[in-house]
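Engineer: Chain residues, written in single-letter form:
Protein chains: 2
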Amino acid sequence: MSKPASTDAGKVMETIVSLAKRRGFVFQSSEIYGGLNGCWDYGPMGVEMLNNLKQQWWREMTYRENVEGLDASILMHPRTWEASGHVENFTDPMIDCKQCKSRYRIDVILEELSLKKKKDILRQLAPGAFEGQLKDEVVEKEFAARTATDAAFQGILPLISCPNCGNKGTFTDARKFNLMFKTFVGPVEDSSAVVYLRPETAQGIFVNFLNVQSATRQKIPFGIAQIGKAFRNEINTKNFLFRTREFEQMEMQFFVKPGSDDAHFEYWRGERIHWYESLGMKKENLQWHRHEPGKLAHYAKDAYDIEYRFPFGWGEMEGVHNRTDYDLSRHEQFSGKSLKVFDEDTKERFTPYVIETSAGASRSFMAFLVDSYHEEEAPTAEGGSETRTVLKLHPLLAPIKVAVFPLVNRDGMPEIARKIEADLRPQFRVFYDESGAVGRRYRRQDEIGTPFCVTVDSQTLADRTVTVRHRDSMRQDRVAVDALRRFFSDAFS
Amino acid sequence: MSKPASTDAGKVMETIVSLAKRRGFVFQSSEIYGGLNGCWDYGPMGVEMLNNLKQQWWREMTYRENVEGLDASILMHPRTWEASGHVENFTDPMIDCKQCKSRYRIDVILEELSLKKKKDILRQLAPGAFEGQLKDEVVEKEFAARTATDAAFQGILPLISCPNCGNKGTFTDARKFNLMFKTFVGPVEDSSAVVYLRPETAQGIFVNFLNVQSATRQKIPFGIAQIGKAFRNEINTKNFLFRTREFEQMEMQFFVKPGSDDAHFEYWRGERIHWYESLGMKKENLQWHRHEPGKLAHYAKDAYDIEYRFPFGWGEMEGVHNRTDYDLSRHEQFSGKSLKVFDEDTKERFTPYVIETSAGASRSFMAFLVDSYHEEEAPTAEGGSETRTVLKLHPLLAPIKVAVFPLVNRDGMPEIARKIEADLRPQFRVFYDESGAVGRRYRRQDEIGTPFCVTVDSQTLADRTVTVRHRDSMRQDRVAVDALRRFFSDAFS
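Note that the protein sequences, when read in sequence, are chains B and A. Following this note's numbering, the numbering of the first sequence begins with 83 at its first residue and continues without gaps. Following this note's numbering, the numbering of the second sequence begins with 83 at its first residue and continues without gaps.
If you're looking for bench data, these hints aren't it; they were derived computationally from the structure. It cannot be assumed that every hint is accurate.
A pair counts as met if it fits within one copy or between any two copies, since identical chains are not told apart.
[What the hints assert, rightly or not] Result set (DSSO-like, lysine-lysine): computed pairs, CA atoms no more than 27 Å apart in a straight line:
#1 103 <-> 136
#2 183 <-> 250
#3 103 <-> 320
#4 419 <-> 103
#5 199 <-> 250
Based on the provided sequences and hints, a complete structural model is requested.
Structural biologist: So this is what it looks like as structure tokens:
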């Protein structure tokens, strides 16, 4: 019965962004002032869904004997980011046009060149090597290969024009632009007072490794899990919640004995993909992407991303990485504090390896939103058919758990419905609605993914039963009023 | 049986800070690098307790028909802070010593002067007015009165010496120092790219007022609630989690019709103080502080703080404020967007008044920690007595809900205990411990406030019952293993 909402990726995203705003999932940040690029606010439905998602992750990851929780501050000692390599390496290459003073990220300029222009450049770079007809794929591939390094950038710069003023050869050399937001602590704005908004939550875990270990008396292997905001001064934000400047991560770093790292890596890969599936994400929209050995981050021994098939293409939702002992070793080196642990077997001290599972809360929120979005033909009360929009969210993720309606606003129905609402409210996020035709009320709940609607009707007056309508199947059961709490406790456990 | 842990306030705080670190409630941020002043990390026990606290607040405030949730971004459009008045007014007066270049907050310098010095200054400021013996209270009061304004600062500056180099008359004039952290969005660090880390969460609610209202179809009166981090570049951080640079707020803004504001104000005052009491905070440690009419913030019509009796004195934990239509009017003015609502009765549009309940999550976390801290004499297994440290946290706030012990590590007891642990774990944060004497295991749980300990002993092998030990009374009940889940479901509902 389901069909893709639209074959046009841009249209699908537009529909979802529009629903997200209209129904209170996601608003542009500070929208009344024109918005702040790369920042988004979660509305009444969004914050419930995001909290549900984070709570599910937290239970999944920390209700284990060997994983501890943490909530480290966003502002950290600046040496942290020297040790982590972010001060030196967390950069994008930027160029300025000397003519018109426009500033660009060089990889973006290159990406946005036309195929024809790319072909031109290839021919100028290697005269004779690219003659005759060239397939588009060949051009793209060769161009990407020849622009993959810093040195290559410099060679290409004289060949391209400024997208703003159109002049050629007016670019400065490429400079590194650090993606960390910086600010100043205390009253003096000088370099000694610089601190950064953390660009990832992981380092908060590494610097607390010993504190957590000694407070909890955990032994290797064990993990530390954290949910929190991180910030990156992205030059190009895009795709709704996918690439933003402010975002939330759900990370777990698992500390293991070197040599056992591959086994733990496999274990956590299994655990993590299973989590998305257990919350109803469609298998066909999930895939693993392994980082090629030559393209691994400097700290990584192996790395897989869990990708989701977004309307704009496959995109990373979570990374499972073997970070080796890189981080702890660097922090040892920069802090002068030993971060080694004692091995009871060999009686030697060693620096643990780290298996990391790093999920984007904001990205997986968007993935669950996209994945649950359906447009379906549904029968109307009059015997016809209409298109209904329904978010088939897992009940544990749904922002509203139960909606309660009186069929009509008389004969004591509203009073009974209110009573049911009050009875359920302490346990569940419930919603009461008495306005409009009941069919329209169902549709409004479908749009925000409410799994169950309870309707009080004339039969209720006779036998104290109500209809419980299931969102996905639209099946309606009769349930005794007095059995509702138990019914929903079971449904959401 | 309870007694104050110590009569010395500093000592009490020291004891609690030390417990907080040792048992994993709160660590200094980036401690291995010497810490970052005014920033703290929540460890494994702290994050559970903080999350419990936030979750209780969220349920209390948003599981209502007329309150919606929100999670706005930390970075907001900079016009927001012009409208709110923070760019202009959220400042501390600072001075520099021209000699040694030290920088000070002038109110702090004045506060830290000796009584003798204050007396000297009073006599110089008003020759003849303060002759003979002066009571200390009179000096403090007069000095405070004469240093309460910006103009007064300037007159006093020539009379005081630099605390660092000791020179007198070397201070610059006082300048305003803004307490907002600023950073730059995008690649260019100029004034057009300045954004601020929000110094309060409230404005995220005001700028989203219309979006929330139209997505939810709420009508006045209704509220919007939010939990989130805020940042203030405090020059003097102090008292552990009380005055920090990074902190978390739990705020609700309730939008009402002008004229009904006083009644709503009283309602919310009642609701809010009751919340702390319902979570077990001692009444004698809570008080209302009303802002004197002459000292109200520029936006406020009336304001009360809920204060807690911290070891260092009474301190604000939450403010309940009547903010009038100040904020919405200012945002209307600065954004050019109407934020008025339609009155069905009078058929006129009006700007709602706002009743705000603004609680510090970090501060109330600390208050609950302090409030629950007890040192008591308790009997030992050998018939003697010892001092036990116990956090008498409300069960809903306790980080670990149930600890499970085998009495000894043999006879199948560990296996049964493991089975109980596994059975409870999906629902509760549980902890398994088999090391050391059971009395010591109880003490360890007392220190982190675990409400129940389950012990598997030899009788368990005979009749499938365990002891359930209550933290505060230390009473021990026998409960059937099969009834444990129900027992704890009831205890934590």
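Engineer: For every hint, state whether the structure bears it out.
Structural biologist: Going through the hints against the structure:
Taking the shortest Cα distances, residue 103 and residue 136 sit within 27 Å of each other both inside one copy (21 Å) and across copies (26 Å). Taking the shortest Cα distances, residue 183 and residue 250 sit within 27 Å of each other inside one copy (13 Å), while across copies they are farther apart (49 Å). For the homomeric pair residue 103 and residue 320, the shortest alpha-carbon distance inside one copy (17 Å) is at most 27 Å, but the shortest distance between copies (41 Å) is not. In this assembly of identical chains, residue 419 and residue 103 lie within 27 Å of each other by CA distance solely across copies; the values are 18 Å between and 49 Å within a copy.
Taking CA atoms no more than 27 Å apart as the test, residue 199 paired with residue 250 passes inside one copy only; the shortest distance there is 13 Å, against 70 Å between copies.
In summary, the structure agrees with every hint in the numbered list given earlier.
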